[in-house]
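Please model the complete structure; the sequences and the hints are all you need to start from.
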Amino acid sequence: MRDLMMFAAVACLIPLSMMSATVAYLVWGWTALLAPVYYLYGFMQSFRFNFAFAIIAMGMLALGRMHERGVYRFNRTSLLLVVFVLHASVAVALAYQPNPSNMTLYIELLKLMTFCLLMPFFINNRTRIHAMMLMIAIGLGFHGVVEGLKVLASGGGHRVDGIPMSKMSDNNQFAVGMVMALPVLLYLYQYLRNRWASLAAMGGLILTVIAVLGTNSRGGFISMAVVGLWLVMTSRRKFLSLFVVLLAGGLILMVAPDTWFSRMDTIDSAGQDGSFMGRVFAWKISSAIALQNPIFGGGLRAQQVYWVFEKFKDAPSLISIAPEFAVSYAVAAHSIYFEVLGDMGFMGLFIFLAIIGNAVITRFEIKRLVRTLGVEYMWARDMTDMLTVAVVAYAVGGAAVSLAYFEIFYMIAMLQEILKQHLRSAVAAERKIAAAQPAPVLPAGASGPQPETAAAG
Amino acid sequence: MESLLLTFDVVSMVLLAYCVFQYERRPQRKKDLGLFAFKLAKTSRADAKKRRHYY
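Residue numbers (this note's numbering), protein chains in the order written: chain H, 1 to 457; chain Y, 1 to 55.
These are computed hints drawn from the structure, not numbers from a lab.
Built from N, CA and C at the ideal position, the CB exists for glycine as well.
Just so you know, not all the hints are guaranteed correct.
To be verified - So the derived label-pair ranges between C-beta atoms look like this:
#  : chain 1 : residue 1 : chain 2 : residue 2 : range
1  : Y       : K39       : H       : P98       : 52 to 58 Å
2  : H       : M18       : Y       : K39       : 24 to 30 Å
3  : H       : L318      : Y       : E2        : 39 to 45 Å
4  : Y       : K39       : H       : V427      : 23 to 29 Å
5  : Y       : E2        : H       : F74       : 39 to 45 Å
6  : H       : I295      : Y       : E2        : 44 to 50 Å
7  : Y       : R26       : H       : A93       : 47 to 53 Å
8  : Y       : K39       : H       : M264      : 37 to 43 Å
9  : H       : P15       : Y       : K39       : 19 to 25 Å
10 : H       : V375      : Y       : K39       : 19 to 25 Å
As the list claims (entries may be wrong) - Partner residues aside, some chain H positions facing chain Y, computed with beta carbon under 10 Å:
#  : residue
11 : A9
12 : M19
13 : T22
14 : L26
15 : L34
16 : P36
17 : H67
18 : T127
19 : R128
20 : I138
21 : G141
22 : F142
23 : Y187
24 : L192
25 : E376
Right under this line is the structure:
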């Protein structure tokens, strides 16, 4: 039944995509975030949703069949993403072999970067940016709503384990992904004009918070707490934000099951916790790989390869760990930072940190542009605040999960850049209009600046 | 429940795709930023109530 429904949807979406490249682009992003294959069991499971809409979008762009195509101004974010992918290409070429994940993950990274680097062509005005935010909410928010309802229906007994056929394949990755969806839903709650749609965004947000609690993820909880704090610090209505965050915290304390509390209690004793120390051991392996290959690392997911793990488990590294916590099998990096460090070396980590830092710096540039443009562009300030919250959630929550190549982070980084470009164009247009207006004619004998001075100002 | 929600999600995306398609086709409607149920507000919900802006 689901397959038939999805078939009908694709039958509607393909013609719409063939008529509008923006639609094709949005559906391309949606299929990446939703991972529809996981929810299907029949004939549509083999359909390559992502590939089909990517081909349509890129084909229409290449053929010039696009209404109001965006002007591509090469920018800092694009430059960083291109450098990152070029660096990854060399790291993949020089990777420890055999490593079956190396090429698979590289192809995924290329697809993701293609999507992000093409974004300025497709998303170039406020409505399209808004549609992009809606697409993220519909694609990513869906997982939060479904899992949140399952947690509610089971009275807190359902444990959320993630979406196996996506980047959020375990509970910790899922928690971080969902915390990143929260600010997008909050933005839509504020900016959807339709009352019901706005309430749906708020409902999705509440269910997503419940889904994060259902993961029993300590990293997810810390990430959510940081998001709350960041919201209070950067919000235009600090007291209201503080009230909402405290209310949410109180509700969590009231409704969360005992298992959740006992799990969170282990945060204090992480140094003795086997699960956490297993991660520290994984970080040790990553840094050992990077120390031997400082520029290009060991290749994508090298440390998950058994023989690479064996080679580096006793090698010198940046982290020392007690022998009783040593792990005897190859493990994932369990940190976005150590993942990139092991995969692409110190150079790769530097570029990765620059992408994160750039996304945060862009927020301050956008705020400055909004000051120039006035209250009409307050939406851009609110949007950049929310996008930055998502980046902060990723930077904090990602410290303990392997999510370095997570689509949504790169999408948000690029969306910040597009927002900045949009505002810069608006400032340039305003200046052009101001310059074209004739200088005011002063009455005879009136004191004031000379016309030349006024025009120059 | 999952099937119902998946249907709702997919229908929402089809609807969004249709709205974007309509928006792209009719430039004269751009002024109201009309995206159906996804219609965009010029100011945030709180700003619309308070009409007070500060940085």
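Return the numbers of the hints above that this structure violates; sort them in rising order.
none
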